[in-house]
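These protein sequences, in sequence, are chains G and F. Letter by letter, the first sequence follows residues 0 to 265 in numbering that gives the first Met the number 0. Letter by letter, the second sequence follows residues 0 to 330 in numbering that gives the first Met the number 0.
It is worth saying that the hints were derived from the structure and are not from the lab. C-beta atoms are modelled at their ideal positions from N, C-alpha and C, and glycine is treated no differently. Be aware that a few hints might be false.
Claimed, not checked - One-sided and incomplete, this derived list gives chain G residues near chain F with beta-carbon spacing under 7 Å: (1) 6; (2) 9; (3) 10; (4) 12; (5) 16; (6) 18; (7) 91; (8) 94; (9) 97; (10) 99; (11) 100; (12) 101.
Unchecked claim - So the derived label-pair ranges between C-beta atoms look like this: (13) G/29 to F/1: 52 to 62 Å; (14) F/111 to G/254: 24 to 34 Å; (15) F/22 to G/50: 52 to 62 Å; (16) G/20 to F/77: 38 to 48 Å; (17) F/129 to G/148: 21 to 31 Å; (18) F/21 to G/22: 26 to 36 Å.
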Amino acid sequence: MHAVRIVWRVTRLNFRAQLEYRSEFLLMVAIGAIWQVSVIVFATVLLTRFTGMGGWDSSEVLLIPATRMLAHGLMVLFLGRMFGIGRDIQEGRIDVYLTRPMPVHRQVQLAYFPTNAIGDLTVAAGLMAGALSRSHLDWTAVRISYLIAAIIGGMLLEAALFTALASASLRFPAAEYWARWLEELLGTFGSYPLNVLPKAVGGFLTYALPLAFVAYFPAAVLTGHGHDTGVPYWLAAASPLLGVLVYLASRLLWRRSLAHYAGVNA
Amino acid sequence: MSASIEVRGLSRTFHTTVRRPGFTGTLRSLVNPERVAKHAVSDITFDVSPGELLALLGPNGAGKSTTIKMLTGILTPTAGEARVAGVVPYLERERNARNIGAVFGQRTQLWWDLPVRESFSILRDIYEVPKAEHASRLKEFDDILDLSSFWDTRVRHLSLGQRVRCDLAAALLHDPPVVFLDEPTIGMDVVVKEQVREFLRHQVEQRGRTVLLTTHDMTEVERLAERVVLINHGRLVLDGSLDEIRRTFGSTWQVRATLADAHTDVVPPPGIAVLRQDGPQVVFGPDGPDAPTVHQALKAVIERYEVTGIAIDEADLEDVMRAAYVQAGAA
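Given the sequences, and given the hints that come with them, work out the whole structure.
This is how it looks when you write it as structure tokens:
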């Protein structure tokens, strides 16, 4: 309870601080939205030029970028500060965090308010509203619950990938460059039904880099394509659970890496 | 009473890759990297008693910051052990964090975008300090450091001196018994430096805090430190008082006396040598490792001879430390 109170208090203060710089605040919100321009273009082209993709109709495909974007926006909002860990190491901020009686991971997340997440989430909410309004599915309580679980699982899975890279950065600061590549990759391939891609690429995005579990598999399960994903149905359906497990594993990795932290000296 | 800081055979080794010269060398390093061990700290042992201010000195790269990082729980030692207020810092990081305050002169522990006072109140929540206690401590710090004139300013808009004063206050708001200061006055003007020194003196003398300080400012050492630990190349070179440092590392003083009788047969007291004599003008200096301090020498000269005038020249600590670093480096 004490920890929750501190997190809430610092977040509130950080948000208020961002609001006080009006132009900077609006600029960051706009950047968050503009950053997702490729997804917006993809959705527009999909809805206006194509009737479907890879055996999915357009409204079903739209559920993939909407789920991924919402998961991504929430990840940026709640767990996204691992992205800049290289700078935190270089500037000695990790050293400072280690001298406070609070988990370092939590302090990294509380360093500032990610205003750009507002832009991300605005675009994501718009896409999800569009996807749901065009959907022909019967949105029962079970489906809605699964969609929410999938979004949270996707958020955790994406956070796990960045936490794993941040853990590597603690020992090898150059690992941070991989985070940029990863974000680019997630943005580029995260909107498609992966069955339209060559098998090798689909396999890579399933087993090497589990992007498929963020939005593609959950959307497939929701839209009735769960048996045509190339993986057992139970595995595709377990995507939200996998997100939780992979995130917990990444936090364990973070803890272990922190024990070997050597700062800029090494 | 047991020591506040206990350090036993503490060592830290970093492994780095050797860069071979030239383009071919770089390619060879890429294919077949040669790893070498760099011993940043080697087998250091010392204690700091409760309420003592110890200056940890040494040239750049000597291992001072690495030592402090191990004692604050930032780094895990390769060998040896350390206890700070009874806690092993690298094994119980969060418990250790409650017992210590730390200021690293070149980086801040305050929230960059928030007014300083908000950072203070967040730290109050983190360390669970009662509100009344927090307010009274803040007032005490404000009286010496003059914080209230800028504590509603965001940290990003503070000058260096203002920021470090706030960092000092932030490090002590939870009343830690042990404080680590890594070059706290670096880049400050003389007025602010003096303000910070007064604050530190107050914390040691009135509040009984144990302070471990690293600095390159010898005036600071002279004004604050009771004891000095000198390290170089990661090894402890000397652990003692400033007088011991002066005695060990140089002929650092001269006593110039004018004798009443120019024909006096000058046989100097033990540990003192006659460096020059010109009629009644005699210049004494230290002789050997057991030489007295300048004040002891002054007393001995006055007691032994009838003098009509006397003056002392004492090399400042900066000269002594320069000699110490050179000798320690050559050792």
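Going down the list of hints, with the structure as the test:
| no. | hint | result |
| --- | --- | --- |
| 1 | 6 | 10 Å, violated |
| 2 | 9 | 6 Å, holds |
| 3 | 10 | 11 Å, violated |
| 4 | 12 | 5 Å, holds |
| 5 | 16 | 4 Å, holds |
| 6 | 18 | 11 Å, violated |
| 7 | 91 | 4 Å, holds |
| 8 | 94 | 5 Å, holds |
| 9 | 97 | 5 Å, holds |
| 10 | 99 | 5 Å, holds |
| 11 | 100 | 4 Å, holds |
| 12 | 101 | 6 Å, holds |
| 13 | G/29 to F/1: 52 to 62 Å | 59 Å, holds |
| 14 | F/111 to G/254: 24 to 34 Å | 26 Å, holds |
| 15 | F/22 to G/50: 52 to 62 Å | 57 Å, holds |
| 16 | G/20 to F/77: 38 to 48 Å | 45 Å, holds |
| 17 | F/129 to G/148: 21 to 31 Å | 42 Å, violated |
| 18 | F/21 to G/22: 26 to 36 Å | 50 Å, violated |
Of the numbered hints stated above, those contradicted by the structure are hints 1, 3, 6, 17, 18, listed in ascending order.
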